[in-house]
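2 protein chains.
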Amino acid sequence: MLEIRFLPDKKRVRVAPGTMLSQAITKANLAFEFPCGGQGKCGKCKVRILSNCPTPTHADSSVLSKNEIAQGYRLACQTRVFQPMDIEVDHLSIATRETQILTDENGTPENLFDAEDSRPVSLLPINLSAPTLEDDRPDLVRLQDAVGACTFDLELLRTLPSKLRRTNFRGTAVIVHHHLVDFLPPDDDNACLGLAFDIGTTTLVGSLIDLVTGKPLATTSRVNPQTRFGDDVISRIQRVRETENGLEELHSTVIDAVNEMITELCKIASVSSEKIYLSAFSGNTTMLHLVTAVSPAALGELPFVPAVRHSLIFPASKLGLQIHPFARALTLPIIGGFVGGDTVAGILVTDLAGTDGPVMLIDIGTNGEIALKSGDNLCAASCAAGPAFEGATISHGMRAAQGAIEEIVLSEQVQFKTIGGVPPIGLCGSALIDLVAELLRHEILTSDGTLLSNDNLPKDLPEDIRKRITVHDSGPEFVVATAEESGTGYPISLTHRDIRALQLAIAAIRAGIEVLLAKNGIKPSELKELLVAGAFGNYIRPRNAQRMGLLPHTLDPERIRFIGNSSLAGAKAVLLSQRALLQADTIAKMCKHVELSRDPNFVSAYVENMFFPSDDIT
Amino acid sequence: MLEIRFLPDKKRVRVAPGTMLSQAITKANLAFEFPCGGQGKCGKCKVRILSNCPTPTHADSSVLSKNEIAQGYRLACQTRVFQPMDIEVDHLSIATRETQILTDENGTPENLFDAEDSRPVSLLPINLSAPTLEDDRPDLVRLQDAVGACTFDLELLRTLPSKLRRTNFRGTAVIVHHHLVDFLPPDDDNACLGLAFDIGTTTLVGSLIDLVTGKPLATTSRVNPQTRFGDDVISRIQRVRETENGLEELHSTVIDAVNEMITELCKIASVSSEKIYLSAFSGNTTMLHLVTAVSPAALGELPFVPAVRHSLIFPASKLGLQIHPFARALTLPIIGGFVGGDTVAGILVTDLAGTDGPVMLIDIGTNGEIALKSGDNLCAASCAAGPAFEGATISHGMRAAQGAIEEIVLSEQVQFKTIGGVPPIGLCGSALIDLVAELLRHEILTSDGTLLSNDNLPKDLPEDIRKRITVHDSGPEFVVATAEESGTGYPISLTHRDIRALQLAIAAIRAGIEVLLAKNGIKPSELKELLVAGAFGNYIRPRNAQRMGLLPHTLDPERIRFIGNSSLAGAKAVLLSQRALLQADTIAKMCKHVELSRDPNFVSAYVENMFFPSDDIT
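Residue numbers (our numbering), protein chains in the order written: chain A, 1 to 618; chain B, 1 to 618.
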């Protein structure tokens, strides 16, 4: 085994000779990204090898500059390890573990929390009479006479006789969705915990919930390590279809990360993972297939059919979750091939199905989902936005983590605010929205996406702004933070190529919004509310999102509401409410799945929205 | 690893140095018995070690004669293996694998077989339309729309999308008790098999059933290898209570044997074990606990409480059964601590609960169970008969296997018949009943159990019979087959000690019968029917069973009916009928469990019945 050391943290891992360096990085749990799925094309996985640097591969030479190669930069997805190595990980391409992803449950209606005695997980105090010759009921009959009919695993039954006798038939029965999960001794602390997970294509968020008070005890997030197999769901479905053990590999990759997050959550909250009795998973259709190890292969071919629609409840041990051995796991129901449990969660927690509308819900993630309620009609569609707003295809993009620039204003100078108030290391989604809107307002960026420079710039542009526009071989760039201002020693800028990536993402989302509205005969301005969910940053200014074309500019910005991570909020809701799960199944069944790619108007709407709006709304 | 060779068959096993020879014997799958549970006290496990014979242990010297020790006999339960050995296994103490245990389902009422379309296991032909853009129902919804609501394991769901697409959505759904077990391709042979197991304390019987025709395809039996941990359920419960991994050891011992029997059954019937979708287990309470690895520890202390009453249905994989990976297993319900699924099976297949009675059912095994139906009252009790009638504590006793003497008549000479018509190698239960009855009739045996010899014998005893009584240091013996007549080269005889063992077994069963009848105010002669189940031999003559005191002599022998192995018949019934399983659960719930040991009359009845009846019934 060879030791690989990652600087500056000196994190070490040991790997077998011949291991791909990208796998060593994943093993080291560094939240690295491989947008092109390890094909050696995008260059985002470059690292600097400080010792035993191998000869550059063909891919290295195509993607990296001569200078970079001379300095020891190589593509992690193309480099095999045959000697111990010291690796310097680039600050700009690494997403830290403390990613600040939206995790609050804004907008969760109160009525989704059941009364304590009818919650999905209940702890029932039990005081049974011990068996006598006159009352020799079997153990399980005795217990069920007290708690009511319930199912149970054979494994629990195996331990029940000794548990009952050790406690002299007194203690607490743990019931999860009418399933007997454990019998606890009277001196147990009766902690009762649940896990809510949002399994995103790019980001995993987990929250540990106290199921007695309903309050979150800890929340953590990280990059979905499946990103090393590709950026979007299509590349992961392809991997399952084309690689013999692809499904197993993708499944265990995400489950390993989930288990690490569980360890982390329990450490933060100082609780035992044995007290977690239910884990709820939300996510898009492909992610819910992969987390349960159900093949998503059929999602990669027409007509994109999922394996199930209904929510599933099953032993958590079937996923290898390191929680209570007899705990249960559940997945939210799904609507269709690319409209999944995350959309159901959003509809659930915003009570979209209960409104007359017209109200639209947009969840902007790597896969964007749009739901519309109008009258009795509830429909939903998906569009492949790509991970630009999560920072993944942007040169200096990053998630909303410590050091991310989250707000930008261009006045006489560039003003920005970073998360945590530390020197900046990259741009998160909300900063991208601000920046593009401001560049358009200052006419530095044209509606066709050209970043102007030199003589083409407006005459009255303040000097401090003008000097931020630098021109390179690859085209002009806008420098948000100079090398001196930056926390990395390198400038943080937005490139021509980045603007192209954002145009594509905006076009996909806007086309989706417009086609779905048009299909229902609704104009954007008629929407009573436009709810925006997603993990692309806090504090988004509706006007900037409208200015840069992400949201329709004809809508009163007062009607735009950001609701945070509604996928996670839905997973929390079903931990605390049996009714919420029933409602979720009803939503999945009644919601009409609209296939946008089949709509003749989609392509034209997409092309039209490739252009930024030419005028401000004001 | 050291090689141990067993003669005359030259079966070989390899074991680690220090392994107990008894374990090597178990590993060799020789159906050997260890009645004293490996304590080195009973001497039944003696073997002759032909090479590398070790110094005798203290136990060897106490139990074996000097002559035996000189010839290389040692106790297998006390000898550790440190060198390769050749072992001669005594024909008289080995029970062959071809044990002829009663396996027919006499008395199974016709109405316990459901119509084909409502059986527990059904194969439904499926012809689904393939998904289209207009009909993009998820795979499971599509299938359930055709087969109706059903549960399923996550593991099956994982394979379902690819199975459906490989077969173009046509094939056969396998449903077991409303649980989706598989989806078979259209070219499958649609074999549909089930397993019925009677897990006896001393004997395991398994039957492979064609679930389409209801016919058995093969049946096999063997000694329960748990006998090496002791002869009766009490010694096995003790082992669980006193040994850390005792439960696991006892469970895996019986499951290993069950899996070997499954392999054997499939080989005989030339079928694939993958086609077995349901396995039903009958047996006494302790055995059903051990087969499911549920601790029977509480059965070893007052008030003898089992873990469950109801039948259990669960994934067969939880027992490690080597059949279809998603097959189901079920255990019959139980009545009480020592009245188990075997008794429920007997009551079920004889429709005892449906009669007005008074009718009694006796199941004679190592643990004897007695059930009585009288008016509306159904009650059952147990008594510890011991394995004498299964041959296990009798010097030349054996199971009803090839070579067993099964009928004996004493007239001018000794006349006997062996199973398979081969030279005799031992005495099975029915032979013991015949022999004791005949010895009593000829006044060779007195009612207090004394075997007479020499001058005490009746004057008119035929000479050929008289010379069969030989006198040894240990007392007189009756030689059934001489060394010349025997298939082993040694005489086959009944000893004074054997008669004592039979007296104890008879006393326990008779005391049980009498106390249960007396509690219900019924005289033996009033019984409309006395049904006798058990594995102690075919062709029992009621009059002989009455003469030797096993059954009440005041009852008209015409009313005595032998029904064979009703425990196995019950397991078969629930494979073929959902209604039978419902009935079994009803029986277990309604049947009153009588604790005989608490009855003040039990001990006196037991002592009284230690004496053989003084007069013949004729």
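Derived from the structure by calculation, the hints contain no laboratory data. Note that the structure is a prediction, hence the values are computed from the model and not measured. Honestly, I wouldn't trust all of these hints.
As the list claims (entries may be wrong) - Think about it this way: if two alpha-carbon atoms lie no more than 35 Å apart in a straight line, the pair counts; the simulated DSBU-like pairs of lysine-lysine are:
hint : chain 1 : residue 1 : chain 2 : residue 2
1    : B       : LYS163    : A       : LYS592
2    : B       : LYS267    : A       : LYS163
3    : A       : LYS318    : B       : LYS163
4    : A       : LYS318    : B       : LYS523
5    : A       : LYS163    : B       : LYS318
6    : A       : LYS318    : A       : LYS27
7    : A       : LYS589    : B       : LYS163
8    : A       : LYS417    : A       : LYS459
9    : B       : LYS318    : A       : LYS589
10   : B       : LYS66     : A       : LYS318
11   : A       : LYS589    : A       : LYS528
12   : B       : LYS163    : A       : LYS27
13   : B       : LYS163    : B       : LYS318
14   : A       : LYS11     : A       : LYS459
15   : A       : LYS318    : B       : LYS417
16   : A       : LYS267    : B       : LYS318
17   : A       : LYS27     : B       : LYS318
18   : A       : LYS318    : B       : LYS11
19   : A       : LYS215    : A       : LYS528
20   : B       : LYS519    : B       : LYS459
21   : B       : LYS11     : B       : LYS66
22   : B       : LYS163    : A       : LYS163
23   : B       : LYS523    : B       : LYS11
24   : B       : LYS589    : B       : LYS318
25   : A       : LYS215    : A       : LYS417
26   : B       : LYS523    : B       : LYS467
Hints, verified against the model:
no., hint, result
1, B:LYS163 <-> A:LYS592, "27 Å, holds"
2, B:LYS267 <-> A:LYS163, "42 Å, violated"
3, A:LYS318 <-> B:LYS163, "21 Å, holds"
4, A:LYS318 <-> B:LYS523, "58 Å, violated"
5, A:LYS163 <-> B:LYS318, "21 Å, holds"
6, A:LYS318 <-> A:LYS27, "23 Å, holds"
7, A:LYS589 <-> B:LYS163, "25 Å, holds"
8, A:LYS417 <-> A:LYS459, "28 Å, holds"
9, B:LYS318 <-> A:LYS589, "34 Å, holds"
10, B:LYS66 <-> A:LYS318, "60 Å, violated"
11, A:LYS589 <-> A:LYS528, "25 Å, holds"
12, B:LYS163 <-> A:LYS27, "34 Å, holds"
13, B:LYS163 <-> B:LYS318, "24 Å, holds"
14, A:LYS11 <-> A:LYS459, "51 Å, violated"
15, A:LYS318 <-> B:LYS417, "57 Å, violated"
16, A:LYS267 <-> B:LYS318, "33 Å, holds"
17, A:LYS27 <-> B:LYS318, "33 Å, holds"
18, A:LYS318 <-> B:LYS11, "41 Å, violated"
19, A:LYS215 <-> A:LYS528, "31 Å, holds"
20, B:LYS519 <-> B:LYS459, "44 Å, violated"
21, B:LYS11 <-> B:LYS66, "28 Å, holds"
22, B:LYS163 <-> A:LYS163, "42 Å, violated"
23, B:LYS523 <-> B:LYS11, "54 Å, violated"
24, B:LYS589 <-> B:LYS318, "26 Å, holds"
25, A:LYS215 <-> A:LYS417, "30 Å, holds"
26, B:LYS523 <-> B:LYS467, "42 Å, violated"
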